[in-house]
Amino acid sequence: MSGYASGIVAILCINLIFAYAVFITAAAGQLNLGAAGFQAVGAYAAASFSNLGWTPGWATIPAAMAVSGLTGFLLAFPVLRTKGVYMVLATFAFGEVVSGILLQTSLFGGAMGMVVPDYLPLSSLVAGAVFATLLVFFLMATRFGLALRAIHDDDLVATVMGVNVRAMQVAVFTIGGALAGLSGALYAHHFSFVEAQYFNSTLSIFVLLFVLIGGTQTAWGPLAGSLFFTLVPETLRIGGSWRFVIFGAAIVLMMVVRPEGMITRTLVARFRRRPAAVKPVAITVGEPHVR
Amino acid sequence: RAQDITIGLNMVKSGALKNLGEATETSVDIAVDEINAKGGINGHKLKVIKYDTGSDPKQAATATQKFAQDDGALAVIGPFSSGEAAVAFPVGERLGIVQIPNAASAPNLTGNYTYAWRLTADEGTQFTRLLNTLKKKNIPINTAEIMYLSDERVANISGTQFYPGILKAAGVKIGEPVAFQMKSFDVSPQVSQVLERKPDVVALAATPDSAGKVIKELRRQGFTGRVIGSQIFADPNALELFGRDADGLLIVAGFWADRTDQTRAFAKKYEEENAKRGLTSKKSPHHTDAWAYDIVYLLKQAMEKAKVTADPSKVAAERTAIRDALKGIRFTGVSGDNICFNAARDARLPGFIIEIKDLKWNLFDQHPADACTDG
Amino acid sequence: MTNATAIGAPMKSITTKALVVVVIAAVFALAIALGGRVIAQQIVSGLMLGAIYLTVAVAFTLTIGVLNFLNFTIPSLFMLTGMIAWGLREKGLLGFAGGWAWLVALIAGVVVATAASLVVERFTFRYLKTRHGDATEHAIPLVSSLGFLLIFEHLVILTLGSESQRFSVPFKADIHLFGLVIGAPQLVSLGCALLVVAALTFVLKHTRMGRALRTIAENPEIASLLGVEVTRVVPVLFLLTGLLCGLAAALFTVNYGDVSPFMGDHVGSKAIAAMVLGGIGSIWGAILGGLVVGLTETLSIHFFGGDSVEMIIWGLLLIVIIVRPRGLFGAVAVGKGKL
Amino acid sequence: MSADAMLKVEAVNKSFGGVKVVQDVSFSVARGGRTALIGPNGAGKTTMFNLISGVIGMDSGAITLDEARIDHLPARKRIGVGLSRSFQNIRLMPHLSVVENILLGQHSRIGGLGELFAPIGWISSAPARAEAMRRLSEAGVDVDPDAPVAGLPYGTRKRIEVVRALMSQPRLLILDEPAAGLNPRETADLSTFLKSATADGLTLLVVEHDMAFVHGLCDHTVVLNFGRLIYDGPTAGVRDDAAVREAYLGARAATVGGAGRAA
Amino acid sequence: MLLEVENLDVRHGRTHAVKALSFGVGADEIVTVLGSNGAGKTSLLRALQGLTPTSGGRVVFAGEDITKLSPPQRLRRGLALVPEGRQIAISLTVHENLLMGVYCRDDGDIARDIKRIYDRFPNLGARRDMSASVLSGGEQQMLAIGRALLARPRLMMLDEPSLGLSPLLVERLFDLIVEIHRDGLAILLVEQNTQMALEIAGRGIVMELGRAALEGAAADLRDDERLAAAYLGDGHS
Ligand SMILES: Nc1ncnc2c1ncn2[C@@H]1O[C@H](COP(=O)(O)OP(=O)(O)OP(=O)(O)O)[C@@H](O)[C@H]1O
Ligand SMILES: Nc1ncnc2c1ncn2[C@@H]1O[C@H](COP(=O)(O)OP(=O)(O)OP(=O)(O)O)[C@@H](O)[C@H]1O
Ligand SMILES: [Mg+2]
Ligand SMILES: [Mg+2]
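As they're listed, the protein sequences go chains W, C, L, V and F. Position one of the first sequence corresponds to residue 1 (my numbering), numbered consecutively onward. Position one of the second sequence corresponds to residue 1001 (my numbering), numbered consecutively onward. Position one of the third sequence corresponds to residue 2001 (my numbering), numbered consecutively onward. Position one of the fourth sequence corresponds to residue 3001 (my numbering), numbered consecutively onward. Position one of the fifth sequence corresponds to residue 4001 (my numbering), numbered consecutively onward.
Simulated from the structure, these hints should not be mistaken for lab results.
Selected chain F positions facing chain L (in silico; Cβ < 10 Å): (1) G4050; (2) L4051; (3) S4070; (4) N4097; (5) G4101.
Far from chain L, by Cβ distances over 12 Å, these chain F residues were calculated: (6) R4011; (7) R4014; (8) T4067; (9) K4068; (10) D4107; (11) A4126; (12) D4175; (13) G4184; (14) I4200; (15) E4208; (16) L4209; (17) A4212; (18) L4214; (19) A4219; (20) D4223; (21) R4226.
Below, a list of computed lysine-lysine pairs in the BS3-like style, where the Cα atoms sit at most 25 Å apart: (22) C:K1013 - L:K2091; (23) L:K2091 - C:K1360; (24) C:K1173 - C:K1135; (25) C:K1268 - C:K1357; (26) C:K1276 - C:K1045; (27) L:K2172 - C:K1357; (28) C:K1198 - L:K2172; (29) L:K2091 - C:K1268; (30) C:K1045 - C:K1314; (31) W:K83 - V:K3077; (32) V:K3008 - V:K3195; (33) L:K2091 - C:K1269; (34) L:K2205 - F:K4115; (35) C:K1276 - L:K2091; (36) C:K1135 - C:K1198; (37) C:K1268 - C:K1047; (38) C:K1314 - C:K1047; (39) L:K2172 - C:K1360; (40) L:K2091 - C:K1283.
Just so you know, even glycine gets a beta-carbon here, dropped at the ideal spot from N, CA and C.
Could you put together the complete structure from these sequences and hints?
Below is the structure:
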């Protein structure tokens, strides 16, 4: 693979894991606009452990996931008291607070950032991305995933159906936090350096766009969204600042054409449609018993 | 036909740092054209491959990877900012390719990366020079207050470490440094706080945009003393932004356009070339632009010394040879004469104290580069 | 969820209102007594800063309260006003300079921002056609508006550069009183905002237009069945948004004397905080929220330093959202409907 | 009959901001029987269902299922003790397909994490899915099981709700206007289906305005009016009760035999 | 004919919901459309009001081709629809919902007309200033009907108006329909309550898989064996 391609693949892998982190909560109807905060927690955790000299180098990854997953778990309780736009903004506020704290804390290098001694090559990133993708695909195919989608549509009815809505939401916040942490930890180790300024609200907004443009209805959505967001700007590379304009226009058009995201359930169904087991048959006047 | 010598340019043409970095390309192009017009390097034409990172560190790392693995570049100019350099230096070290940034001036960035060299002036050195000039010219400074941009690394470290240390060492009474951020468009609370302490001068560490706001607010709230500052906002193109409020401002710049015939020629070409490219606001070279121009010549000198051939089969060896050629090099360019590098591979550069008066830059004093005793 | 009922709802009662005023006054008195002139100046600066925030916050709260749409183009409309005004004046496109050029340029800026807002309406409007309201439904226009944010910001950068620019006005915009500096444009901003609010409250609560907007917010299909020309009514709202942003930006420009392609982002995020603090969809809430955020900003800078601002404001917001999920003055949000 | 009462509602009260919507209502539903809850619009029937299923809390009173108090259980746990419901205003999950909506009905039956994380989407012949399909065809819903429910006709969606409620294998099934939007023929089919579904001991409580349906299906009827109980007895007696006729059935009931929906 | 429908086609993706349907409604008629689940009745009414795009055919109202007009434009010409399933604005109060019903009117009789609605549906009067979200299912249905009546259309299309109404109110509803028809409104009625619909209608159309399977005078349809078999089941008639 060329150096350029492997660079882009690395970025893609991180974006993809990050997008799945946001997707898993969005699948249950909760938009997370503070994802960069979780990513930052993972990245700084990995960076700190690495600086403490943990061996082997990759041991920081599960630890960082645990830290950011725990952050998600703890944040879920207060944040889940809110709904809709309030929840979006509560998570946004969380992201701002995290970057504020990191910027202020000299233990984490403040504005100077932190160097990460242990380098992890591209293959680890790919492995991480494959793991996240499989995990989310698997989760979405289980009853757990079904319940998430039910909560997305109507949490009250889901409750009546016996779904423990609160526990589910806490679970996805935890999983989402851990996945965001994974992306952050891999970022830290691959790029060998973290700084608080990087994990800003723009990053949170962009990753949410990955997911919303890709589509929140199936696990294919984030995949499509991250590919779109990583590759389209690259193909537009020649354009300088124009590329952002074109990119913005592409987003707007995308929403006009496919307001529910690039990949919807209907689209997926069309590709793997099995022959309909029961054909709809109508009652014909005169032959009432055809059904 | 002789093979071209390829170098990479890791630059910022879009994103958050666009304004600061967009003219780097112009300077590099000017230098490359000059070199090629005079027969290139060791008989080879010099070719630059450019990559716009959009101010994203991940992209800066990708760029270095691309230059080294795909383009067969022998060395890299850039990346532009400290944040990008911090990410790209380890990549360059792994791949064994020299990178020389022109604006990444945060301290200790080069660490143990032997392929990381810098043609940037140290913030602390420059500020010390400014204070020396103040003393020399008998400008009274008994009390000073520090205001700094906290979410930019260089300004942050200047405001929290260099300025307090240097001012204290010079016997100036100072208060707690006051922070503001890139997004603080209203700095009146900070200014009120600072003026409450009635300082003789205000020492400012910020990018031009933010500095402009602070200077304006200082005057609005009635401050009449001098504002002093370091090289971060020493941008000749920011005069308009500062306006009349900046009268009496003293700053250090790493480049003085009116120094020699060579600098004047460069400044002229710079303005013309930018006008052609639609960068009409870039009229006079910022020191980072001058350094970018010099880096090309520095690389030329190193390549000549290393006798590079641009033979694709010898790329790796020649990259290392360039690094080794940089050791102990003495270089003369638009930024200064007889420039050397210290043990940390950072250049020793001269400083020019500038006073702003009547919407103009005036040379107030100048300091030669420090000698390299350890390099 | 729909917050439409909250729009224009006056604060709960006279007692709440009085209580708020008393508490605020007490805090001021205490602060001034303890801190003297600087604190007084900080409070004045905070209120003035709040005046800018609150105008933008009202624009946010309008679109979100009525259309359930977090309009992320608002920051860029704000920015457009300033940058276009600067561009017209600087590049001599007005045909004349000096004298009143600054005012003409600003008015032109407001016009452009309003026009841009109408363009946004055309494309974000599309969401009204999606069939099923669900938890992420507000995401659709939100995404488009983020697209527009990119477009506007980078078009401006392309044509006018990415630097901060000076926009000077030929008069001193400050009032000096008891040794305090007070920004006149900000005073004007405060006054305008209060006027606009009084008018908006009335319109939304008591007029045909207000009811039509609220019906559209809830279900555009019902609205169209009742004869509401969705394509005619909604633009009115966007027109208002554009005007409010333009007004805020013009006052901002006169006050701070500079513009930049990023000015909108900085004001925008604080305005969002102000809106949420006050309660989404509540216009009075946006006003109070704006003032609270402004004050919090200056006072936290004063007491805890400039780096604490983001943390304190967003931390405060997080706490408010969690303990009082509807904001300080938000009305009861309507749920999904009957079982 | 109170001896084998499955569901007992005792002295239940509920008011919303001062308006008493359910006032001191007591009745019981016989085990294995089919009971109707009827009453004029706004009488409090749906509210009663919401109280029984725990969607809203009551002010006072007691609700017991098989002698055990259930009124302190959260809504999510009530389906676990055997209580399942449908909704008057159809509340299917619009983004889920028909079969997924039905599968959701089984959620309360899964036992532990193992089943929660067992993939159901990948294997089309999984037993859960097979059961869902069987139930659908038993209920006479002829649609593509993978179609999203959003575009389906009203009557079809109504029946999918009933099937979904049945999927939890409840002991007590409460249905809010299951026949609304069905034509007489379909109503009759639904009635037959519900009779067969309750044949093996399932207890049924329905709210319905279609009196023909009620007469055909239910042996016992409870009538609410303005939140108060005005009749509790055999369905056959409803037509002859003056209060019920005046409040609910209207003058026609006296003249036309069936009342309401003609049949 | 006040309303003329020619070869109307409606598709939802791959579902062909209405197939080349032609019929008319006279200015002084009550026409009822019957049909089983999924026959396409709702699709037809929605297409007539302009909520669903048509994929073929023409709709002519009072001599004017309205096929391309938007729902509000159709309403202004006198065509109103009470949609299926209680479509009311739950974030408005009951009274505000009614006021929305007169959105496109500006004559002086509004107050009187609203009072008439309250008289007709006392449940609504008692909840005048409550949020419509708290209404019971039947009350919501009343509100939807009352609101549509206030638009004073020339042709009123009702999609299963009796849904969820108590027998008493169903009776009142049908009386009301007859009454407003006497006031000069044409009615196009979709109903599952076949018998009562055929009682008040002059003509009836039976839809089946998007086509008109039977059409004729209501009285004839009532006695039609085939209809009875299809709708009323064996031994029910
Ligand atoms: N949250 C609430 N606040 C105030 N009043 C309410 C609330 N919920 C229901 N009501 C009122 O309680 C009464 C009973 O409502 P409910 O939905 O139980 O009626 P219902 O018997 O199901 O009628 P229908 O047959 O029309 O569905 C109605 O008059 C309704 O307006
Ligand atoms: N939005 C939609 N998307 C996809 N298919 C649809 C949509 N709306 C209706 N259909 C299909 O069109 C056909 C006709 O449906 P329609 O709702 O018109 O029936 P109906 O006669 O009103 O039935 P009901 O009596 O149950 O209300 C059905 O097969 C239905 O699945
Ligand atoms: Mg009910
Ligand atoms: Mg229908």
